[in-house]
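Chemist: With the hints as constraints, model all of the structure from the sequences given.
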Amino acid sequence: MSVLSGCKPERVFHFFEEICQIPHPSYHEEKISAYLVDFAKAHGLEYYQDDLYNVIMIKEASAGYENAAPIILQGHMDMVAEQDSDCTKDMMTEGLDLEVVDGFLTAKGTTLGGDDGIAVAMALALLEDEDLKHPRLEVIITVSEEVGMEGAAGIDVSMLKGRKLLNLDSEEEGTFLAGCAGGCRMDVTYSYAKETVSGNLFALDVKECEGGHSGTEINKGRANATFVIARLLAQGLKAGEICLVEFVGGKKDNAIPRATSVKFVADKAVIDEIKKEAEEIKSEFAVTDPAMVIALTDMGQSTLDGVGAKDSRRMVQLLSSMPNGVQAMSQDIEGLVETSLNLGVLNLTEDVFTFSSALRSSVDSAKEALMRKVEMVAEAFGCQVEIRGQYPAWEYNRESEFRDTMVQIYKDITGVEPKVETLHAGVECGLLGAKLPGLDAVSIGPDMCDVHTPKEKLSIASTERTYDLVRRVIESAK
3 MSVLSGCKPE RVFHFFEEIC QIPHPSYHEE KISAYLVDFA KAHGLEYYQD DLYNVIMIKE
63 ASAGYENAAP IILQGHMDMV AEQDSDCTKD MMTEGLDLEV VDGFLTAKGT TLGGDDGIAV
123 AMALALLEDE DLKHPRLEVI ITVSEEVGME GAAGIDVSML KGRKLLNLDS EEEGTFLAGC
183 AGGCRMDVTY SYAKETVSGN LFALDVKECE GGHSGTEINK GRANATFVIA RLLAQGLKAG
243 EICLVEFVGG KKDNAIPRAT SVKFVADKAV IDEIKKEAEE IKSEFAVTDP AMVIALTDMG
303 QSTLDGVGAK DSRRMVQLLS SMPNGVQAMS QDIEGLVETS LNLGVLNLTE DVFTFSSALR
363 SSVDSAKEAL MRKVEMVAEA FGCQVEIRGQ YPAWEYNRES EFRDTMVQIY KDITGVEPKV
423 ETLHAGVECG LLGAKLPGLD AVSIGPDMCD VHTPKEKLSI ASTERTYDLV RRVIESAK
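Numbers in my numbering are just positions in the sequence shown, counted from 1, shifted up by 2.
It is possible that some hints are incorrect.
[Said to hold, decoys possible] Each pair of labels, with its calculated beta carbon distance range:
(1) 407 / 161: 18 to 28 Å
(2) 103 / 413: 50 to 60 Å
(3) 5 / 384: 22 to 32 Å
(4) 374 / 134: 23 to 33 Å
(5) 384 / 200: 39 to 49 Å
[As the list claims (entries may be wrong)] Quick list of in silico lysine to aspartate or glutamate cross-link-like pairs, EDC-like style, CA-CA up to 20 Å:
(6) 457 / 174
(7) 240 / 281
(8) 135 / 477
(9) 421 / 340
(10) 163 / 388
(11) 459 / 20
(12) 421 / 175
(13) 457 / 19
(14) 457 / 210
(15) 135 / 62
(16) 270 / 300
(17) 196 / 248
(18) 270 / 353
(19) 253 / 88
(20) 163 / 68
(21) 110 / 96
(22) 10 / 131
(23) 10 / 96
(24) 222 / 210
(25) 222 / 286
(26) 33 / 52
(27) 253 / 20
(28) 196 / 243
(29) 196 / 353
(30) 278 / 300
The set of hints was computed from the structure by calculation and includes no laboratory data. All of these numbers come straight from a predicted model, not from anything done at the bench. Glycine included, every Cβ here is placed at the ideal spot set by N, Cα and C.
Modeler: Quick look at the structure:
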């Protein structure tokens with residue numbers, strides 16, 4: 003029997019459950035893309051699939067709506083694949099284990115992918131619904147949104163006629179997004195020559211941090227496990243040298259790292275400093291990361307290939323010098339982060355030490371200044387820097403007929419005024435707006451929390467209300 007049997011809207015959750023059984027991490031969207039194409043074929047829809055696996059589906063207007071302006075519905079098909087440390091699921095090949103708890107939908111041990119699978123499920127339910135009265139519906143489902151909006155950057159939308167876009171990639175019911183930050187990914191690479199190192203080998207693990215979305219939750223002051231490790235090692239260097247052997251942290255650029263681990267050779271004085279600093283850090287993050295674990299394990303005497311003391315010190319200095327977290331708050335909107343940076347993925351390989359950061363800002367000049375700072379720090383340490391996945395900010399439009407219509411419909415349904423906000427996280431409206439001149443866009447979505455973490459939850463009741471709102475917006479377009 004279906005886990006989501008009885009959840010309403012039934013067809014939305016039917017499609018969402020099917021989507022959750024198809025592995026679809028970023029850069030691995032082939033199967034979910036094929037699923038969408040099969041859906042389009044089965045329902046006689048005009049469709050386009052490009053070499054990136056983006057999919058566009060078009061349903062012509064129903065009777066009486068032929069002269070109404072088309073509406074574009076948009077979401078992305080990829081998900082952030084994170085899991086608990088003790089979860090053995092292979093998210094590249096296996097579907098998710100869904101469960102309903104207290105009115106919320108979650109996945110056991112993994113991220114849920116409500117961001118943005120619920121948008122895909124809503125779009126399919128709307129396209130399938132023969133009772134829905136609608137103008138021409140143009141559905142854009144992109145790939146690789148979570149790793150830099152690469153699908154939206156590369157998609158061809160020249161066949162589309164619509165200039166009203168309803169993005170379904172938001173996570174707070176009753177909040178209409180009308181702008182977002184721009185950003186990019188920055189990869190820093192430090193090259194070194196491996197050496198033979200001898201001494202007492204230690205393993206240092208920071209895990210069970212809260213983590214979270216590097217845009218929407220960067221302002222919550224949560225610990226970045228990689229920077230906790232860097233801070234511990236920096237304190238240890240005050241007492242003596244270390245030689246790194248292994249170093250790995252984070253899984254996604256746009257997720258605050260929940261776990262990072264390092265192995266290194268050092269003497270007792272270094273370890274004593276690390277232990278003292280660990281207690282200070284746990285106290286500092288007792289509120290934001292109460293479950294944080296800092297574990298230090300003595301692995302005994304070893305002789306093995308690793309990083310020499312000089313390069314190890316430079317690597318720790320490099321990390322300690324890098325900006326991270328909130329860099330500036332908005333001067334225009336109270337409580338909104340303007341500029342931030344999140345170091346997401348770090349790895350030590352045979353001859354290079356690399357890490358990747360997601361940079362965001364709603365102010366282009368501030369984004370450029372922060373990019374320049376990262377480049378200059380990297381240059382000071384002799385590193386190479388690669389910038390990828392740049393996307394523009396979605397600038398707030400004070401005059402929006404589509405938004406005004408949606409606000410009125412929401413008020414008619416609920417009796418309350420929705421919040422109209424801009425967001426520090428990125429959505430694809432800015433990129434699509436550059437391809438579709440005159441685009442009037444709004445982003446909405448049902449209540450979700452702890453996205454990009456295994457604690458991710460999607461409200462079932464909020465999904466039903468949001469879907470009802472979308473239907474009413476579509477039917478009002480006559």
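Chemist: Decide if the proposed pair is consistent with the structure: residue 240 and residue 281, CA atoms, cutoff 20 Å inclusive.
Modeler: Roughly 17 Å separates the two Cα atoms, so the pair holds.
Chemist: For the pair supplied as a hint, residue 270 and residue 300, confirm whether the alpha-carbon distance does not exceed 20 Å.
Modeler: holds, 10 Å
Chemist: For the pair supplied as a hint, residue 253 and residue 88, is the alpha-carbon distance within the 20 Å limit?
Modeler: holds, 15 Å
Chemist: The hint says 50 to 60 Å between residue 103 and residue 413; measuring C-beta to C-beta, is that right?
Modeler: For residue 413 against residue 103, whose Cβ atoms are near 32 Å apart, the range 50 to 60 Å is violated.
Chemist: Falls inside 23 to 33 Å, the C-beta gap from residue 374 to residue 134?
Modeler: violated, 50 Å
Chemist: Are residue 459 and residue 20 close enough, with their CA atoms no more than 20 Å apart?
Modeler: Holds - the C-alpha atoms of residue 20 and residue 459 are around 18 Å apart, at most 20 Å.
Chemist: Going straight from one Cα to the other, do residue 253 and residue 20 come out at no more than 20 Å?
Modeler: Distance of about 25 Å is beyond 20 Å: violated.
Chemist: Has the given pair, residue 163 with residue 388, been kept, meaning a C-alpha gap of at most 20 Å?
Modeler: violated, 36 Å
Chemist: Do residue 407 and residue 161 keep their Cβ atoms within the hinted range of 18 to 28 Å?
Modeler: holds, 25 Å
Chemist: Range first: 22 to 32 Å. Now tell me if the beta carbons of residue 5 and residue 384 are that far apart.
Modeler: violated, 53 Å
Chemist: Given the hinted pair residue 421 and residue 340, is their Cα-Cα distance within 20 Å?
Modeler: Answer holds: residue 421 to residue 340 is near 19 Å, not above 20 Å.
Chemist: Starting from residue 457, check that the Cα of residue 19 is at most 20 Å away, please.
Modeler: Given that 20 Å is the threshold and the Cα spacing comes to 18 Å, the pair holds.
In summary, the structure is inconsistent with hints 2, 3, 4, 5, 10, 18, 23, 27 from the numbered list given earlier, while agreeing with the others.
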